[in-house]
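J.: Could you slot chain B onto chain A? The hints should help.
Sequence order for the protein chains is A and B.
Numbering (the numbering used here) for the first sequence: 1 to 361.
Numbering (the numbering used here) for the second sequence: 1 to 635.
FYI, nobody ran anything at the bench for these hints, they're computed from the structure.
Quick reminder that beta carbons are idealized off the backbone N, C-alpha and C, glycines included.
Hints may contain errors.
As the list claims (entries may be wrong) - Covered stretches of chain B, as calculated for chain A (at least 3 residues, CB under 8 Å):
hint : stretch
1    : 32–42
2    : 483–491
Said to hold, decoys possible - With the C-beta cut set under 8 Å, the calculated list includes, among others, these residues of chain A facing chain B:
hint : residue
3    : Ile177
4    : Pro236
5    : His251
6    : Phe252
7    : Gly271
8    : Leu294
9    : His295
10   : Lys302
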Amino acid sequence: MRNKFDYILFFLCIAIATFGLVMIYSASSIWAEYKFHDPYKFVKAQALFFVVGILLMLVLSKVDYHLYFKKANVILLICFLLLVFVLIPGIGTVRNGSRSWFGIGSLGIQPSEFAKLGLIIYVSKYLANNKKNMRDIKKGVFPILTVIFAFFGLIMLEPDFGTAMVIVLTLVVMIFISGVQISFFVKIGCLGLIGIVILILVAPYRMARIVSFLNPWTDPLGSGFQIIQSLYAIGPGGLLGQGFMKSRQKHFYLPEPQTDFIFSIISEEFGFLGVLLVTAAFFFLFYRVLKISLHTTDLFSKYLSFGLIFGILIQASLNLMVVVGLIPVTGVTLPFLSYGGSSLLVSMASIGIILNISRQN
Amino acid sequence: MFFNSIHTRMRVVLVVVLGLLFLIIAKVFYIQIFKYKDLNSLATSLWSRELPITADRGEIRDRNGKVLATNITTTSLVVIPNQINNKEEVATKLAEILNVSYEEMYRHISKKTSIERVHPEGRQLSYEIAEKINNLNYDGVYLVKESKRYYPYGNVLSHVIGYVGIDNQGLSGIELNYDDYLTGENGAIKYFSDGKGNRLDLTEIYEEPQNGINVDLTIDIDLQLSIENELDNVMTKYNPEQALIVAMQPKTGEILAMASRPNFNPNNYQTSSTEVINRNLPIWMTYEPGSTFKIITLAASLEEKTVNLFEDHYYDGGSITVEGARIKCWKAGGHGAETFLQVVENSCNPGFVVMGQKLGAKTLLNYIENFGFGKKTGIDLNGEANGILFPLDKMGPVELATTSFGQGISVTPIQQITAVSAAVNGGTLYQPYIVSKMTEPETDSVIKYNQPKEVRKVISEDTSKMVRHALESVVANGSGKNAYIENYRVGGKTGTAQKVNNGTYMVGNYILSFIGFMPADDPQIVVYVAIDNPKGVTQYGGVVSAPIAKNVLKTAIDLYDFPMTKEGMPREYTWLDTKYTKLPNVVGMTLEEAKKELKGYTIHTSGEGEKVIYQSPEGEYYVPEGSIISLMLSN
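Chain A with its partners taken away, still in its complex shape (with noise of 0.2 Å):
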């Protein structure tokens, strides 16, 4: 054990959470301010968890990750638990039209983010288990894709189909990873886009969704508000942005700019330039991860480490794709940097995980 710990991917971390945590108080303040009377309503809730989070960062840097592939099934089995109480009215809270938080106080806990993790460190140590079964989609893949599509279905009960697009494609693709032939993707790509091609032709109003998003303007007090109030938050921004705490979209035109859409206020505030750092630090936090994945010497922290980071990734990269209009808005928040305890808890811990996975190859 070579026991060195890797600063600048613990640094680089808490450089973008604390980025988050300056532009959610700029983009909260003002919503903050007239819901409750109190502009660092929000930020400091994040403050808290943002100080929690790194000590769970660094506590978990010093868990031997072995200790998950060992309890993975226990892991799991909590997380299930956990997704199923979630739906028990009573036990459950509604925010926002979803049965996904366990209230505790104004905090909240959302179960489908732990789950994630769950999820991944489960599915690493079945792909690390069967790496010969792999190779027969029968005995390797459709087994675990029943589990998959199990929890899946629980979150959409919920429904947070951002969480679980999430899940899915990260789960997706640490199987792809493991060696399954491109022809499965392949087919079950075809038979995606079948099944999307009847939904439409069942039902017609949903062509009419995906138009929407291409041009919002169709709906802009509907369906195209959010991405249109986001627009015109990230145009006028250009190439240098308007400066920080100057935006105008925070001033109750852009609803709750700290969450999903924090990244139109930084797009406004910081402009071009802005997108690009933040883009940047994304991309290098999964290369710095990615060498970290590939200097592993055992498959599951291997498959560990890639899903953890992938599974922010792609989460980041869904999150980007809403607020610049190129999907339409599904809910998922951006990683490190949109309000929330839960999310920022799971990507703190995911990097906790990596740090020791580091630590020991």
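T.: Chain B only, in chain A's frame:
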């Protein structure tokens, strides 16, 4: 080996993720760089709110800079619904102050709009009402400056100036025709607002309103006031259906004064019918000109040398027969033997028929058209009419005959005065105009001058001189005597035209007109007067219209300091008139001699001595018989 396959796929995923990120960056680049302009302007209109400030309309002034149309500052009510907290209370109070129903007011202040103008009840409020609203001190209730058109002279020149609507848009006259110049550009106080309509502490932009351009007219308001006064008198005295007076500077085509009855008050135009407002009679009305048109026949005959005023004679037996149609002279029994100058003086119809016959239809029509009849003069006012002429192929001997003395055709007053101006100004037809220049509102520097516009040379200077002589003679010896002014030279022509209704002449219903000009040797002003169907008066232009023209010309003498002259034609008197005689010059004579010379006058003396060293009035001028003559004596 197995690791290799995993690593390859990992790298593939890395490349895919990189691709996604590039796609995102490209999209942001597109939004922020290519779509920047569109989105920024859309977003700015979303963020910014405007409190409008209306610009002042340009002033309309007369030729001496006297203001005819100006602006007074009023305030208007503007509400920003999102900023009003207690809508019920605000609606109740405002409804009470403005005397509007509560529902109406509530509708205004709860409208889903960023800014609502309370129209029309909240427009152009008086100071008292504005003050009451201001004292309420409600959030979201604003009073903004709005300028309102004001015409200090009221009814005066109303048809020419026109009027504006509630949004200060020109609706008739100069206000309409020069609306683009007069209209300023409204300003605004722009501020940024949040999504709930509250003001943001971001930069506030004050866009100064750009006041409209001033329009200066050729009108002389002092002369205008005198014609308005004359028209008022005519209305009381004769109660005509309509009446109009136009005065023009013949050497440029500038309109000096123009008015008609009925008229309206542009400050309060709603009380007048649109017919009254829209009909600017001097340019809109068309009718048979009658004898004033004979000037055209006269000018054509002189230019073509088909008649010699002094040597050619005509015997008027009271009528003339043209192709079996008998055309009567206005004087029963006729004028007997006349020179053609007397034909003109007497306004003898058969004599003019002969003049027309000597010219021929083609030549006469050519002159009529060259003098500008039959089509619009192009004056810079809206609503001008064409008038109607006989086309050449329809012009038989009868039509030629009636046209010669101004019947069977129809003309507008502006055509008439423009043509006569050309006949007496040396022979050049000018396009009449009423706007002399336009000036910058702040500096008053001139943006555009309207120069006199020569249309064509119609007759020669010599012919014009002869026309002036003939017309001065009409005033001195003929039908225009009532316009004669002692010691000044006035020329003119009367007109009495029977009105036509449904193709037949109306009985006892005339338009009585007179066109006069002075000084007759060098005309500076032409005045045209037309009275439509005056009641209780002899129906001759010379009786009704000539004295009015005389009064206007007398005002012109005062205004323009026309010098007295001894060159004018002496007047022929009838027993009815106060007789004017030429006063002998007695300066240098002894008192005895002077008394002998001044028989019939009352003599006042001052000073001591035997010799007259000064007399007042001066000798050689015309004075009424029996006037007081002051003599200063000395040794």
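J.: Does histidine 251 of chain A meet its interface restraint, that is, does its C-beta lie within less than 8 Å of any C-beta in chain B?
T.: Because about 3 Å separates histidine 251 of chain A from the closest Cβ in chain B, which is inside the 8 Å limit, the hint holds.
J.: Per the coverage rule (Cβ-Cβ under 8 Å, at least three residues), is the stretch 483–491 of chain B covered by chain A?
T.: violated (count 0)
J.: Per the CB criterion, is glycine 271 of chain A less than 8 Å away from chain B?
T.: 7 Å, holds
J.: How about proline 236 of chain A: closest beta carbon in chain B under 8 Å, or not?
T.: 4 Å, holds
J.: Against chain B, run the beta carbon of phenylalanine 252 of chain A and see if the smallest gap drops under 8 Å.
T.: 3 Å, holds
J.: Close enough to count: is the Cβ of leucine 294 of chain A nearer than 8 Å to one in chain B?
T.: At about 6 Å, which falls below the 8 Å cut-off, the nearest Cβ of chain B leaves the hint on leucine 294 of chain A intact, so it holds.
J.: Hint check: is the beta carbon of histidine 295 of chain A less than 8 Å from a beta carbon of chain B?
T.: 10 Å, violated
J.: Would you settle whether the hint for isoleucine 177 of chain A is holds or violated, based on the nearest Cβ-Cβ distance to chain B being less than 8 Å?
T.: Hint on isoleucine 177 of chain A: holds, closest Cβ of chain B at ~5 Å, below 8 Å.
J.: Using Cβ atoms only, decide whether lysine 302 of chain A comes closer than 8 Å to chain B, and label the hint accordingly.
T.: Hint on lysine 302 of chain A: holds, closest Cβ of chain B at ~7 Å, below 8 Å.
J.: Would you say the stretch 32–42 of chain B counts as covered by chain A, given the rule of at least 3 residues with C-beta under 8 Å?
T.: The restraint on the stretch 32–42 of chain B holds, since 8 of its residues have a Cβ under 8 Å from chain A and three suffice.
Comparing the model with each earlier hint shows violations of hints 2, 9; every other hint is respected.
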